[in-house]
Amino acid sequence: MVAGEVKALAQQTAKATADISQQVTEIQSVAGEAASAVAAIGGRIHEIDGIAASIADAVEQQAAEETRMIARSIGSVTEASGETGHNAEQVLLASAELARNAEILSGGIATFATKAANL
Numbered sequence: 001m002v003a004g005e006v007k008a009l010a011q012q013t014a015k016a017t018a019d020i021s022q023q024v025t026e027i028q029s030v031a032g033e034a035a036s037a038v039a040a041i042g043g044r045i046h047e048i049d050g051i052a053a054s055i056a057d058a059v060e061q062q063a064a065e066e067t068r069m070i071a072r073s074i075g076s077v078t079e080a081s082g083e084t085g086h087n088a089e090q091v092l093l094a095s096a097e098l099a100r101n102a103e104i105l106s107g108g109i110a111t112f113a114t115k116a117a118n119l
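Position 27, counted from 1, in the sequence shown is what the numbering used here calls 27; the numbers after and before it change by one each time, with no gaps.
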């Protein structure tokens, strides 16, 4: 009776471990997709930053007060764009760290499942 219960518990543990492993795999996939999306966003932000800087340079050459005000606004956009790019890079780093942690967790789960199956 006890051996049957232990076997049933081991089977339940193995199924739960397989489910967790699948979830970890899905998390890794989503984290990879997120990292790719963040990298693409970061690239676009850098492009926008370059365009905004070019516009700001052209506007600064004009003498009218109105164009100076526009240049200041574009400078703010450039600064915000740079900050957003930095933040996107931080999200990318965090996504990569999440993927690494998911891999470590997956390895631990596999080891646990192997040991549980051998009970």
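Hints are computed from structural coordinates only; laboratory data are not their basis.
If you're wondering where the values come from, they're calculated on a predicted model, not measured in any experiment.
No residue lacks a Cβ here, since even glycine has one placed at the ideal position from N, Cα and C.
Take these hints with a grain of salt, some might be off.
Unchecked claim - Per label pair, the in silico range of CB-to-CB distance: (1) 29 / 54: 32 to 40 angstroms; (2) 23 / 46: 28 to 36 angstroms; (3) 2 / 94: 43 to 51 angstroms; (4) 2 / 93: 43 to 51 angstroms; (5) 103 / 39: 27 to 35 angstroms; (6) 82 / 105: 20 to 28 angstroms; (7) 4 / 103: 34 to 42 angstroms; (8) 7 / 107: 24 to 32 angstroms; (9) 33 / 114: 40 to 48 angstroms; (10) 43 / 104: 23 to 31 angstroms.
Numbers of the earlier hints that this structure fails to satisfy, in rising order: Violated hints (numbers, rising): 5, 6, 9; every other hint is consistent with the structure.
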